[in-house]
Amino acid sequence: MTLPLLEVEGVSVRFGALTALTHVSLEIARGEIVAIIGPNGAGKTTLLNVISGFYHPYEGRILFDGRDRTNLRPPDVAELGVARTFQNVALFKGMSVLDNIMTGRLLKMRGSFLLDALWWGPAQRQELAHREAVERIIDFLEIQAIRKTRAGTLPYGLQKRVELARALAAEPQLLLLDEPMAGMNVEEKEDMCRFILDVNSEFGTTIALIEHDMGVVMDISHRVAVLDYGRKIADGTPDEVRKNQAVLDAYLGVSSEGASAAPSETSPRIAPAKPALERPGA
Amino acid sequence: MVDRTLDTAADTFPKLVRANANRLGRKTAIREKDLGIWQSSSWKDYWEQARLIALGLASLGFARGDKTAIVGDNRPQLYWAVCATQALGGIPVPLYQDSIEKELAYIVDHAEARFAIVEDQEQVDKLLHLRAQCPKLEFIVYDDPRGLRAYSEPNLMSLEELIEQGRKFEQNHPGHVENEVAKGRADDTAIICYTSGTTGAPKGAMLSHSNLILTSLAGARADGLREDEEILSYLPMAWVGDHVFSYAQSILLGFPANCPESAATVLQDLKEIGPTYFFAPPRIWESILTNVMLRLEDCAWPKRKLVHFFLNLAQDMERRRLAGQPVPLLPRLLYPLGKALVYAPLRDNLGMRRVRRAYTAGEAIGPEIFVFFRALGINVKQLYGMTEASVFVTIQRDGDVRLDSVGTAVPGVEIKIAESGEVLFRSPGVFQGYYKNADATRATVQDGWLNSGDAGFLDASGHLKIIDRAKDLSRLAGGTMFPPKYIENKLKFSPFVKEAVCIGQGRPFVVALVNIDLAAVGNWAERRGIAYSSYTDLSQKPEVYGLIHEDVARVNRSLQEDAALRGAQIRRFLILHKELDPDDEEITRTRKVRRGYIAQKYAELIDALYSNRSHVQVEAKVTYEDGRTGTIRADVTIKDVG
Numbered sequence: 000m001t002l003p004l005l006e007v008e009g010v011s012v013r014f015g016a017l018t019a020l021t022h023v024s025l026e027i028a029r030g031e032i033v034a035i036i037g038p039n040g041a042g043k044t045t046l047l048n049v050i051s052g053f054y055h056p057y058e059g060r061i062l063f064d065g066r067d068r069t070n071l072r073p074p075d076v077a078e079l080g081v082a083r084t085f086q087n088v089a090l091f092k093g094m095s096v097l098d099n100i101m102t103g104r105l106l107k108m109r110g111s112f113l114l115d116a117l118w119w120g121p122a123q124r125q126e127l128a129h130r131e132a133v134e135r136i137i138d139f140l141e142i143q144a145i146r147k148t149r150a151g152t153l154p155y156g157l158q159k160r161v162e163l164a165r166a167l168a169a170e171p172q173l174l175l176l177d178e179p180m181a182g183m184n185v186e187e188k189e190d191m192c193r194f195i196l197d198v199n200s201e202f203g204t205t206i207a208l209i210e211h212d213m214g215v216v217m218d219i220s221h222r223v224a225v226l227d228y229g230r231k232i233a234d235g236t237p238d239e240v241r242k243n244q245a246v247l248d249a250y251l252g253v254s255s256e257g258a259s260a261a262p263s264e265t266s267p268r269i270a271p272a273k274p275a276l277e278r279p280g281a
Numbered sequence: 000m001v002d003r004t005l006d007t008a009a010d011t012f013p014k015l016v017r018a019n020a021n022r023l024g025r026k027t028a029i030r031e032k033d034l035g036i037w038q039s040s041s042w043k044d045y046w047e048q049a050r051l052i053a054l055g056l057a058s059l060g061f062a063r064g065d066k067t068a069i070v071g072d073n074r075p076q077l078y079w080a081v082c083a084t085q086a087l088g089g090i091p092v093p094l095y096q097d098s099i100e101k102e103l104a105y106i107v108d109h110a111e112a113r114f115a116i117v118e119d120q121e122q123v124d125k126l127l128h129l130r131a132q133c134p135k136l137e138f139i140v141y142d143d144p145r146g147l148r149a150y151s152e153p154n155l156m157s158l159e160e161l162i163e164q165g166r167k168f169e170q171n172h173p174g175h176v177e178n179e180v181a182k183g184r185a186d187d188t189a190i191i192c193y194t195s196g197t198t199g200a201p202k203g204a205m206l207s208h209s210n211l212i213l214t215s216l217a218g219a220r221a222d223g224l225r226e227d228e229e230i231l232s233y234l235p236m237a238w239v240g241d242h243v244f245s246y247a248q249s250i251l252l253g254f255p256a257n258c259p260e261s262a263a264t265v266l267q268d269l270k271e272i273g274p275t276y277f278f279a280p281p282r283i284w285e286s287i288l289t290n291v292m293l294r295l296e297d298c299a300w301p302k303r304k305l306v307h308f309f310l311n312l313a314q315d316m317e318r319r320r321l322a323g324q325p326v327p328l329l330p331r332l333l334y335p336l337g338k339a340l341v342y343a344p345l346r347d348n349l350g351m352r353r354v355r356r357a358y359t360a361g362e363a364i365g366p367e368i369f370v371f372f373r374a375l376g377i378n379v380k381q382l383y384g385m386t387e388a389s390v391f392v393t394i395q396r397d398g399d400v401r402l403d404s405v406g407t408a409v410p411g412v413e414i415k416i417a418e419s420g421e422v423l424f425r426s427p428g429v430f431q432g433y434y435k436n437a438d439a440t441r442a443t444v445q446d447g448w449l450n451s452g453d454a455g456f457l458d459a460s461g462h463l464k465i466i467d468r469a470k471d472l473s474r475l476a477g478g479t480m481f482p483p484k485y486i487e488n489k490l491k492f493s494p495f496v497k498e499a500v501c502i503g504q505g506r507p508f509v510v511a512l513v514n515i516d517l518a519a520v521g522n523w524a525e526r527r528g529i530a531y532s533s534y535t536d537l538s539q540k541p542e543v544y545g546l547i548h549e550d551v552a553r554v555n556r557s558l559q560e561d562a563a564l565r566g567a568q569i570r571r572f573l574i575l576h577k578e579l580d581p582d583d584e585e586i587t588r589t590r591k592v593r594r595g596y597i598a599q600k601y602a603e604l605i606d607a608l609y610s611n612r613s614h615v616q617v618e619a620k621v622t623y624e625d626g627r628t629g630t631i632r633a634d635v636t637i638k639d640v641g
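Going down the list, the protein sequences come from chains A and B. The opening residue of the first sequence carries number 0 in numbering that gives the first Met the number 0; numbering runs sequentially from there. The opening residue of the second sequence carries number 0 in numbering that gives the first Met the number 0; numbering runs sequentially from there.
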């Protein structure tokens, strides 16, 4: 067994009196696609924020590549090879798609102000190399037609794709996707699924994603971790999770039929109806 | 006269490509936009890549006469694969890349393709699946490896791997490709193009090297194509037109083909390439026009007014020119100003600044669309062609462009009109036959004459006019040819006529039922102070009858000019009291007139048209949008055309 890429060990996060995560542990192996699911307020985004260094845990450790990275700041985490997209698209709306993706390369750029300003010698070579990397991603995600379009004018589904492109531009080892398909229609979701699978197989990128569409989760992830009230209640292959009683309870409320009711193949697909998952005060 | 014998040193496409590599060397042969940059390949590269792919195929045991299915967007690699297949004496079979698996399966199976060279994972998935049912398909080669690295199916490989195998094969078999190329003959089948087939299963038209070479050269000479043309290769490779423009003519004249980045970027790529030679079917011209008009609506009003003013001016001039009428002095003086302010910038914006000639074909183009582009100074011309004729049958010549003809015969093409009115022609481009379908071949070609399936006639100056599909053509009682759609289309050129139905089969003369366009006629009536209460009311106004009468008379005048159609002039017409509507099943959802249904539904009106009556009372059932039905009663006037 090789070393996991990411280990989250007994992490707890508190905001004042509110405990958002309680002793959550999660391992993500290299090349895996792991889905993190759970009802609203279960702590999924918090977990992503902890991994990306935006929050620091009150207890527990985070190891990246076997080394303790618990208290790094977001830019340092990014240096390590972690990139993410956001639940609410966070693009530079006034900039072109190309420039937006180019910002994903910032961490990889070395240069001096003077040379960059003159666009001479190494600065020129560097920009051309970065542009080529960005063009490969544009080709990969099939967004050639909107290369020069201002990001803010694009439809939502495409903005999400551009955000993914920007994350990919950092050539991450670990890609964190916060609800990559939220608000998309069926066709856009299918496209996005295909891109996520392609990123995983083509670049070997490890992916952790939060998603509410159970159909998507079950189809594309190798492993599913389920959070409820800040605790991890299940972790396993999609099939295992699908049959897990604690998961069914968390999603449906405690089943009156008791533990014996074997869920049908389709039962996990109840999830996309978002209101069913909402819970006051969580 | 076209020379029908070819020099044996240049009688197949691989020989021609090899000659280009020697003669033109580093000149650009094909470009592809990749990673945002136009990447060029020279004729040397073209031949080298085709040769390497051929070696790779040979290493897999490719035999003369084997077929290669080619599936994907226009890509240099796929054009090279066509050439590679031909170099080994094989036959490429290009397929539509958006075909569903079932359609692909039929053709791959029918063509007995042993090899497939495809673009990407999407096509590989389809082919892997259908390989289970088509045991003849052995090898699948793909260009873009994305998403395919984990595939472990046997006999599936990347183009890179194929070429690598080819290099090894060459070490043991030096000169293999050259030997195979030398065996090629002008009469070898160069390609099988499957026709889409609106009825029945697709048929594979076999075209030989000499078919394609002679016809492509004749077409090029007829229109003065040069070595420095630029063409955008954006139409499906499976379509014979792309094969002729982007492959045959490109090789024969040595001009580059340009492959767009993706289907979504074609209009941008068009602007970047600025082709000099451009082809588009009517629906693409139409969508470009719509695009321009929509963008114009977003402009500030002074700009919009200015553009509309100059566009109207130019279109008016163009209409006069096409009709052979003199153009008044004022517009001629204003034209240069319009050119500087509107036409030239617009052409540039559309990527058509450098277009020397553009073709439209496939179906009839709407006159307003044709006039619009010509008015901008883009030399759009109609072309009449068929897969079975290696495309070129007739084209319109510069300075002799008309709205209602598809031009005159390309050198080497003889045209005659059969008794039935069907257009027949004979040319060096007439195909070898349908693959494995001798019955269909016999039905299409008799004594070297190819039945086009279209009805038409030649006018005194040798212009071919296509009037209808031959099967829709009928005759009047006296035996005069009666092409209903042709006459209806002429009527519909008027902005006031929305729809028209002509009747005459087995009758003594032609009559017409006309639908007025409510918006246009209503507007016209308001400006003249004619009050009306409803569509029915407006349609029966004597003034409106007068208006439509002028249009009918105009159509009759133009029919009078053609000896064959002189007898098919409209003698009596009426204006329908209700609009033909798909909800009432009178027209289809795509707005095609359902002739049979109308003849039945309006039998009363039609009987009256063939009687002496000048008025007829009708009741018509209408279906409202919510599904309720009601009746309209009206007193419909019938008017004689004097």
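Just to be clear, a hint being listed does not mean it is correct.
[As the list claims (entries may be wrong)] Here are the simulated BS3-like pairs of lysine-lysine, each with C-alpha atoms no more than 27 Å apart in a straight line:
1) Lys638(B) / Lys620(B)
2) Lys188(A) / Lys484(B)
3) Lys497(B) / Lys380(B)
4) Lys270(B) / Lys32(B)
5) Lys242(A) / Lys92(A)
6) Lys147(A) / Lys101(B)
7) Lys484(B) / Lys497(B)
8) Lys380(B) / Lys540(B)
9) Lys302(B) / Lys147(A)
10) Lys591(B) / Lys620(B)
11) Lys147(A) / Lys32(B)
12) Lys484(B) / Lys620(B)
Calculated from the structure, these hints are not laboratory results.
Against the structure, the hints:
1. Lys638(B) / Lys620(B): 24 Å, holds
2. Lys188(A) / Lys484(B): Roughly 45 Å separates the two Cα atoms, so the pair is violated.
3. Lys497(B) / Lys380(B): 26 Å, holds
4. Lys270(B) / Lys32(B): 13 Å, holds
5. Lys242(A) / Lys92(A): 43 Å, violated
6. Lys147(A) / Lys101(B): 38 Å, violated
7. Lys484(B) / Lys497(B): It holds: about 14 Å lies between the C-alpha atoms, which stays within 27 Å.
8. Lys380(B) / Lys540(B): 40 Å, violated
9. Lys302(B) / Lys147(A): 25 Å, holds
10. Lys591(B) / Lys620(B): Distance of about 20 Å is within 27 Å: holds.
11. Lys147(A) / Lys32(B): Holds, at about 15 Å.
12. Lys484(B) / Lys620(B): 26 Å, holds
In summary, the structure is inconsistent with hints 2, 5, 6, 8 from the numbered list given earlier, while agreeing with the others.
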